[in-house]
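Using mature numbering (1 follows the signal peptide of the UniProt record, and there is no 0), the letters of the sequence shown map in sequence onto residues -26 to -1, 1 to 297.
Because the hints were derived from the structure by calculation, they are not lab data.
Every value quoted in this text rests on a predicted model; they were computed, and no experiment measured them.
Each hint should be verified, as a subset may be incorrect.
Calculated lysine-lysine pairs in the DSSO-like style (CA-CA distance at most 30 Å, straight line) [as the list claims (entries may be wrong)]:
(1) K248 to K275
(2) K286 to K82
(3) K150 to K202
(4) K161 to K261
(5) K214 to K202
(6) K150 to K128
(7) K297 to K128
(8) K214 to K261
(9) K165 to K154
(10) K286 to K232
(11) K260 to K192
(12) K297 to K82
(13) K123 to K202
(14) K214 to K256
(15) K192 to K202
(16) K272 to K296
(17) K165 to K84
(18) K260 to K161
Here are the simulated distance ranges between beta carbons [as the list claims (entries may be wrong)]:
(19) N270 to K154: 41 to 47 Å
(20) R203 to I42: 34 to 40 Å
(21) K82 to N270: 29 to 35 Å
Even for Gly, the Cβ is constructed at its ideal location relative to N, Cα and C.
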Amino acid sequence: MKRRSIIGLILAVAAAGLMLAAPVMAGDYPSKPVNLYIPYSGGGTTDVTARLLANMAQQNFATPLVCINKPGGGSALMHELIAQAKPDGYTLGVLVTAGLTRIPLLRKVKYDPMNDFTPIMLYALYQHGLCVPADSPWKTMEEFIAYAKANPGKVTYSTAGTGSGQHLVMEYLAAKEGIKWTHIPYKGGVKAVTACLGGHVTATSQATEWKPYVQAGKLRLLAVYGIKRIPSFPDTRTLKECGYDYALISGMGIVGPKDLPQPVIDKVSEAFGKACQEKGFKKLLKKMELLSYQLNQKELKEFLQKDYEVKKDLVKKVGLAKK
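Construct the entire structure; sequences and hints are all you get.
Set out below in structure tokens:
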């Protein structure tokens, strides 16, 4: 056999071997622990929900799912870590939609929100609201807004971080009503709510970490930010019912770096999708006033793109667009 023919045969066999090897390697995933990063500190809504979901998804993984908190920047630090990770499926993150559709519009981040990630699935939507201490003088949203307008600079409010959806709501209200108030960001919702309980801020704009304190009579819920009222607090109006044409829709899911292999995406999506159907997880969502809401890879990508465009217009209108 001629030398050229022998070399050609060797190359052909090698190429065929690589094509056969790729599915086998993907089929072996995972073969070592998978790190799941959580963008907020421990004990908050996102952390507690993600840890239970990961524990249930663990039943469908051959190796451990290790939850690691990576707070900071309103979730930007964690999303930066995911964007820079190797696309092998061993570094995943708990997607907070604000980290891709709001924060990059407000300030510079070290990632491209629409191109540096592989959105895998969405599993829940947050519920949010504005609370004040129960012993404060404000009984309604209108009274609180009137006080803030009449006392520029006196009102402070806490959130889980700069650029969060709750922060954007307050800036929307400030722009709409001509209010000057001060934002005090914390690393996580628990700390934000605790600050309000301790009298360190006037109010807290936050997800449902405030629920037990409202039920215990320690905080007063003035308004909720969703498209409809929260079942546990049927007498509390939405922002729209208070006269504002705005609703905050944000969710949590699972995300990986760009170029994640489809077999890995399918494995992760299947494992977490099954976990979402567990009675224990559904019970937790109800307890924490989260809305069960699943989107697959394609649906989530479309959701993020649409939300990004909507928020781009909003941050320009309220004067928060990054320079």
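Status of each hint after checking the structure:
1. K248 to K275: 20 Å, holds
2. K286 to K82: 14 Å, holds
3. K150 to K202: This hinted pair holds, its Cα atoms lying about 21 Å apart.
4. K161 to K261: 23 Å, holds
5. K214 to K202: 9 Å, holds
6. K150 to K128: 18 Å, holds
7. K297 to K128: With a Cα-Cα distance of about 27 Å, the restraint between K297 and K128 holds, given a limit of 30 Å.
8. K214 to K261: Judged against 30 Å, a Cα distance of about 25 Å means the pair holds.
9. K165 to K154: 23 Å, holds
10. K286 to K232: 22 Å, holds
11. K260 to K192: Given pair K260, K192 holds - Cα atoms ~21 Å apart, limit 30 Å.
12. K297 to K82: Holds, at about 9 Å.
13. K123 to K202: 26 Å, holds
14. K214 to K256: 28 Å, holds
15. K192 to K202: Given pair K192, K202 holds - Cα atoms ~24 Å apart, limit 30 Å.
16. K272 to K296: Within the cut-off at roughly 29 Å; holds.
17. K165 to K84: 26 Å, holds
18. K260 to K161: This hinted pair holds, its Cα atoms lying about 24 Å apart.
19. N270 to K154: 41 to 47 Å: 44 Å, holds
20. R203 to I42: 34 to 40 Å: Roughly 36 Å apart at Cβ, these two residues keep to the hinted range, so it holds.
21. K82 to N270: 29 to 35 Å: 31 Å, holds
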